[in-house]
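Q: Those protein sequences? They're chains A and B, same order as listed. Letter by letter, the first sequence follows residues 1 to 462 of my numbering. Letter by letter, the second sequence follows residues 463 to 859 of my numbering.
Check the hints yourself; a few may be wrong.
To be verified - Where chain A lies over chain B, by a calculated footprint (3+ residues, C-beta under 8 Å):
| id | region |
| --- | --- |
| 1 | 546-556 |
| 2 | 595-605 |
| 3 | 667-680 |
| 4 | 723-735 |
Worth flagging that the hints you see were computed from the coordinates, not collected in a lab. As the structure is a computational prediction, the values presented were derived from the model and not from experiment. C-beta atoms are modelled at their ideal positions from N, C-alpha and C, and glycine is treated no differently.
Spelled out from the first residue to the last, the chains are:
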Amino acid sequence: MNLGPGVDALARFLAGPEPAWWASALAACIVWLGPLLLIVLPIAALGQIIERKVAAAMQRRHGPNTAGLDGLVRFLVRCLCWFLPRATQERLTARLCRLPGMQLARRLGLGQLVADGIKMLGKEDLIPGNADGWVFRLAPYLAMCGALLPFAAIPFGQHLVALEVPVAALYVAAAGGLTVIALFMAGWGSGNKFSLLGGMRAVAQVVSYEIPVGLAIAGVVLWCGSMDLQRIVASQYNAHWASFLGWNFFQSPFLALLAVILFVAGLAECQRTPFDMAEAESELVSGFNTEYSGLRWGLFAMAEYAEMFLVGAIIATLFLGGYQSPFGEPAIIALPAWLAALIHALMLTLKASALLFVMVWLRWTLPRLRVDQVMRLCWITLVPLALLALFGVALTMLAAGSVAPGSAYGRIPALPELHLTPLAHALAWVLPVAIAALLIVLARRQHGRLHPDLARLSGAGR
Amino acid sequence: MSSDLLIENQHGERMRLSMGPQHPATHGVLRLLIDSDGEVVSRAVPDQGYLHRAIEKIGECVEWAQFVPYTDRIDYVCAMNANLAYCVAVEALLNSDPATAVRVPRRAECLRVIVAELNRISSHLIAVGAMAMDLGAYTPFLHGLAQREAVNDIFEKLCGQRLTYNYVTIGGVAFDLYPGAEQEIASFLDRFEEEFRRFNQLITNNRIFRERCAGVAPVSAEEAIAWGLVGPNLRASGVDWDIRRDEPYGIYGELGVRVPVGRGYAGARGRVGDCYDRYVVRLLEIEESVRLIREALRLLPPKADKPSDPLGGHQADVGKQLRKPPRGEVRVRTEAPRGEMGYVIVSDGGKQPYRVRCRTGSFSAVGIFEHLMRGIFLADIVTIIGSFDIVVPEIDR
């Protein structure tokens with residue numbers, strides 16, 4: 001089987017030079033689960049705490065939790081050292097709790113994570129009387145699948161990808177679309193009108209926003225000449241020490257625009273403010289997950305953060321150089337493979353986490369759009385804009401008389417280089433930006449000025 | 463799956479949605495019965511009475527001065543103004559007979575303006591913050607609440623309470639200012655102005671927020687008068703009417719209150735009297751309250767040496783008058799943050815009121831809901847509730 005060099009190497013390691021299909025599948029699972037268990041799930045679990053801490057900082061308060069891990073340590077000591085006298089156990093606990101890491105845990109409120117987990121597991125699993133039994137039960141697991149399956153095709157390193165298929169970009173978009181089915185199942189199965197409304201909103205919104213997402217991905221596919229995410233990442237390689245210059249985001253203003261569109265549409269896809277129609281706690285109480293409790297609710301919450309991380313990872317992969325480091329990438333690929341893989345996985349995590357942070361930041365800043373405004377934003381603003389950007393990408397490539405730039409990764413067949421003279425490159429940036437700025441100024445003028453009272457209220461006149 | 467969940471529009475059937483009494487956006491225990499066709503509301507009927515505590519009946523059962531703490535509970539978000547309304551009404555009753563006339567010390571009048579306007583600020587902060595929260599912006603609410611906390615700190619030092627103050631009494635106020643209070647209030651106002659500016663930068667001029675409110679549920683001036691809207695809700699429709707200026711009580715006549723009205727602040731999409739106007743009018747009133755407090759601090763006469771001195775003290779002795787008040791009926795209205803708070807008091811000359819009737823802003827606001835909530839989006843319902851700034855005990859009493 002040919003599942004990419006990384007997986008194949010692992011399969012050969014497991015089952016000899018000609019591995020059976022099961023060995024390949026096992027190897028793919030290992031490569032998929034590795035980053036999942038080590039990176040994605042911890043971040044999804046930490047999501048709650050990240051969200052709370054960011055919100056607290058923005059609202060100038062301490063945050064909801066300052067619980068440390070002391071209680072857990074005492075519990076573990078009691079369990080593991082039950083044979084020791086109680087006084088010794090206490091002394092041991094005290095010594096362990098004085099370790100510097102424990103202080104940090106207290107500062108960050110990590111104990112809350114443990115407490116939340118235990119609480120969630122211990123809670124009564126309520127199923128409403130008129131719920132649609134199996135639909136209701138299945139939904140959270142399906143949501144989790146929708147959030148985790150796409151990670152199989154996201155490259156965390158040069159060989160760290162479980163599913164190296166030529167249509168990886170398509171696969172990621174398709175597998176990510178599972179979540180909306182889960183949301184609708186939850187909305188329908190709960191037997192609650194508020195949940196049903198939430199589910200309906202989710203479907204309408206996610207299906208609409210698939211289009212700008214698809215167009216944004218299409219732009220990158222066009223530019224790189226491949227749907228293979230591994231190749232898309234490789235094509236963003238730049239031998240300069242400032243390797244971020246090779247990233248798609250900096251190649252053309254149209255690609256940058258597509259990145260922004262993908263981010264906005266991605267926000268809508270994971271139902272985050274300002275697009276949290278499906279949850280809308282002030283309108284629909286909690287929308288699709290009103291009736292969920294305990295572990296099922298926890299799965300929905302984790303799926304939300306995993307999906308946010310996924311959106312971050314997709315944007316990073318398509319536009320921000322994927323797992324490549326912004327500086328000194330040539331030096332990193334010269335390192336031993338395991339070290340390079342480690343650094344690469346860390347880089348992708350950092351990029352996706354930074355985008356996740358922006359999503360949290362936006363959530364605590366912006367109000368929520370109304371249903372019609374969400375639709376209008378998609379169909380009247382984002383889709384035409386994405387089409388325009390796609391057209392611009394094609395035009396830029398036509399003007400340069402070339403397709404994707406080559407790569408130093410070696411596995412990419414030689415493609416004609418994109419030859420842009422500095423003047424042409426500058427023009428390719430300046431012209432579209434100037435036109436956009438002009439349009440924005442005109443729109444502002446037409447929109448009218450702020451009333452003087454409002455300007456005074458926000459201190460603009462000072 | 464129960465069949466009542468289906469929305470069968472083509473057969474003219476509607477989904478009946480019960481919003482409240484336990485719902486995060488109904489500001490307490492208001493209940494709305496909504497007939498909706500999916501996202502579009504065809505009809506919404508408010509259902510009140512979940513917080514009825516017979517406060518007006520209690521008024522007939524306690525002595526004149528004992529009713530003041532109950533007025534706190536009529537509108538707990540601006541208890542000072544609620545105290546003030548009742549006390550001003552009882553004073554008017556006493557003044558209707560020269561034998562029982564009461565003269566409120568000037569220092570007390572200034573203190574009443576200071577606390578009433580401070581409470582107006584904190585009440586409006588809840589109103590605009592909660593409206594932003596209803597629209598999904600949580601952070602502005604907490605920033606507003608932080609400032610309300612500062613006001614509560616001042617009130618706590620002043621009278622020992624943070625929510626239900628029982629501070630304004632018949633004939634004056636319960637306590638004089640604590641040492642250093644003037645400086646503390648002045649420095650709070652300076653800090654507050656800066657924070658208020660930041661609050662507005664964060665939410666008021668936010669494009670999403672404005673688009674959510676612009677043109678939603680506009681109330682014309684004629685409609686507003688016909689439905690009996692009062693206070694900021696009335697002024698947002700462009701009606702220039704404020705009791706503090708047009709029927710002044712206390713020392714408001716000397717302060718020259720400036721009255722903001724709605725002007726279609728939301729711009730191109732907005733209309734006069736829409737949700738955004740109701741929101742902005744409250745912000746402009748906060749601005750005016752800051753000015754009034756500064757003015758009242760300037761007019762504040764110095765503390766008297768003897769606390770019992772009726773001219774410099776903080777309270778006139780009305781114990782004797784209240785034991786035998788004049789017979790008769792008075793109607794007095796004051797400007798509370800949620801609009802006119804008026805009292806109709808009937809006295810039979812006894813130690814207790816014969817009848818206490820209270821008229822409140824939220825009650826008249828909730829009356830227009832059914833009229834406005836037709837053919838709007840479900841999400842607009844919370845915008846409308848937020849923009850009218852209802853406090854449920856005011857509706858139910």
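Q: Next, verify each hint and record whether it holds.
A: Structure-based check of all given hints:
1. 546-556: violated (count 0)
2. 595-605: holds (count 9)
3. 667-680: This one holds; 6 residues, not fewer than the three required, reach chain A with a Cβ under 8 Å.
4. 723-735: holds (count 4)
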